[in-house]
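In the order they appear, the protein sequences are chains A and B.
Start counting at 1 in the first sequence, then tack on 106, and there's your number in the working numbering.
Start counting at 1 in the second sequence, then tack on 109, and there's your number in the working numbering.
A hint or two may mislead.
[To be verified] Derived lysine to any residue pairs resembling SDA-like cross-links, with alpha carbons at most 20 Å apart: (1) Lys217(A) to Leu330(B); (2) Lys124(A) to Leu319(B); (3) Lys120(A) to Leu319(B); (4) Lys217(A) to Lys217(B); (5) Lys143(A) to Leu319(B); (6) Lys150(B) to Ile122(A); (7) Lys156(B) to Ser121(A); (8) Lys217(B) to Ala299(B).
It is worth saying that the hints were derived from the structure and are not from the lab.
Nothing here was measured: the structure is a model prediction, and the numbers come from that model.
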Amino acid sequence: MSDKFTFEIISPDKSIMKKDTTEVIIPAYEGEMGILKDHIPLITFLRPGKIKIKDTNEEFFVEEGIVEFANNNLLILSSTAKNISEINKGSKEALIANAEKRMRESEITDKEKYLLSYKINTLKNFSL
Amino acid sequence: MPSLDDLKKRIKSVKSTQKITKAMKMVAAAKLRKAQENAEKGRPYSKKMQNIILNLTRSISDPKNAPKLLVGTGNDKTYLCVVLTADRGLCGGFNTNICKLAKTNFKKILNEQKNLKIITVGSKGFDQIKREYGKFVIKKYSFKEKKQITFEEADTVGNEIIRLFNKNEFDKCILFFNNFKNVITQIPQAQQIIPADNKSSETTEENSLLYEFEPDEDEILEDLLPKNISTQVFKAFLENAASEQGSRMTAMDNATRNAGDLVDKLTINYNRSRQASITKELIEIISGAESL
Chain A
107 MSDKFTFEII
117 SPDKSIMKKD
127 TTEVIIPAYE
137 GEMGILKDHI
147 PLITFLRPGK
157 IKIKDTNEEF
167 FVEEGIVEFA
177 NNNLLILSST
187 AKNISEINKG
197 SKEALIANAE
207 KRMRESEITD
217 KEKYLLSYKI
227 NTLKNFSL
Chain B
110 MPSLDDLKKR
120 IKSVKSTQKI
130 TKAMKMVAAA
140 KLRKAQENAE
150 KGRPYSKKMQ
160 NIILNLTRSI
170 SDPKNAPKLL
180 VGTGNDKTYL
190 CVVLTADRGL
200 CGGFNTNICK
210 LAKTNFKKIL
220 NEQKNLKIIT
230 VGSKGFDQIK
240 REYGKFVIKK
250 YSFKEKKQIT
260 FEEADTVGNE
270 IIRLFNKNEF
280 DKCILFFNNF
290 KNVITQIPQA
300 QQIIPADNKS
310 SETTEENSLL
320 YEFEPDEDEI
330 LEDLLPKNIS
340 TQVFKAFLEN
350 AASEQGSRMT
360 AMDNATRNAG
370 DLVDKLTINY
380 NRSRQASITK
390 ELIEIISGAE
400 SL
């Protein structure tokens, strides 16, 4: 218990999960980030990627989100978090196709491009 | 004095109305449970979001260059009012209460010689507002065909607000909706979302921590504030949905009870006049027999 902290994912319409855990890896805006107990208070963004809970090997796919870590509470606010076990091949293909379509549009900003390429890469790397 | 037949018809029609209101009440009660649950589930998100923004605001380095969504345009000329109502009627004073509050505010804004722009969400609100303030309505939304309102709908409205803001179409934005307190009480509310109104919550949480930001505060704020608008709109949607069902439930409960009272009264009337006519016939027969 001593080296655990509370981890919570909240989406606008419900709380997706809440549990105590020892280590979580999040796809932060400037790179993947492992979070352990007593991390410095932190606020950052997520880019598309996988949230991995080390203890239980549970994984979530997120497209965007905000992370706050304070007082040993890791809070993730995201409207797109999905448990990976809930994603099947069909929905994955649809997500990739959508992102690739967006990529081809002309008035897209560099920042968006960067995020989209991440999204496509993470999705493609899923072994389903 | 209505005839017996009329009374009978009347009783029948009131009874069938009562059946309808009773059914509506039960449907509303079932929906209320769900809506209430959703509203409660949605609260942490918006609350935490506000908290993060509050923390960010505190540690912002240069308040003068802060994003306009947070501090406002500096002007106070054009108001955008977003009125959230239901798409359906028969829910007591629900829609009227919101519109009443909104209209008082409209009047105040116009009296102060300021510009007014209105967005209505939900058809009932538009119907009530269009008569007096129709020319100020710049956009109306209706999600009638949606069974349940999700974040996406809130996002459409939120994005529209932000788009207008970025085009400098307004300086202040106020949301009107019903706050769900409990089944009997729903409080119509006006909430200012642009610029963000942080004063009320500032006193509640004093212990500010030193956060590490990645990327820096300004960049986070710039991304977070538009999201916060959608979140606030979504929260208002959820509160509204729960309030609507609660309000409908109470209204229909009252209607059912009133119909019951009416049926009782009509039945007594019916029995009395039936008896009166029987007595009258008896007298006629007796007096007829006597005269023979």
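Hints, verified against the model:
1. Distance restraint check for Lys217(A) and Leu330(B): the Cα-Cα separation of roughly 16 Å lies within the 20 Å cut-off, and the hinted pair is therefore satisfied.
2. In summary, the hint linking Lys124(A) to Leu319(B) is not supported, as the alpha carbons are separated by about 25 Å, beyond the 20 Å threshold.
3. Distance check on the hinted pair: Lys120(A) and Leu319(B) sit about 29 Å apart at the alpha-carbon level, beyond 20 Å; violated.
4. In summary, the hint linking Lys217(A) to Lys217(B) is not supported, as the alpha carbons are separated by about 43 Å, beyond the 20 Å threshold.
5. For a cut-off of 20 Å, the pair hint linking Lys143(A) to Leu319(B) stands: about 17 Å separates their Cα positions.
6. Simply put, Lys150(B) and Ile122(A) have alpha-carbon atoms about 10 Å apart, close enough for the 20 Å limit, and the pair holds.
7. For the hint pairing Lys156(B) with Ser121(A), the CA-to-CA distance comes to about 13 Å; that is within 20 Å, so the pair holds.
8. Pair hint Lys217(B) plus Ala299(B) holds up; C-alpha atoms about 13 Å apart against a cutoff of 20 Å.
The structure fails hints 2, 3 and 4 (numbered hints given earlier, in ascending order).
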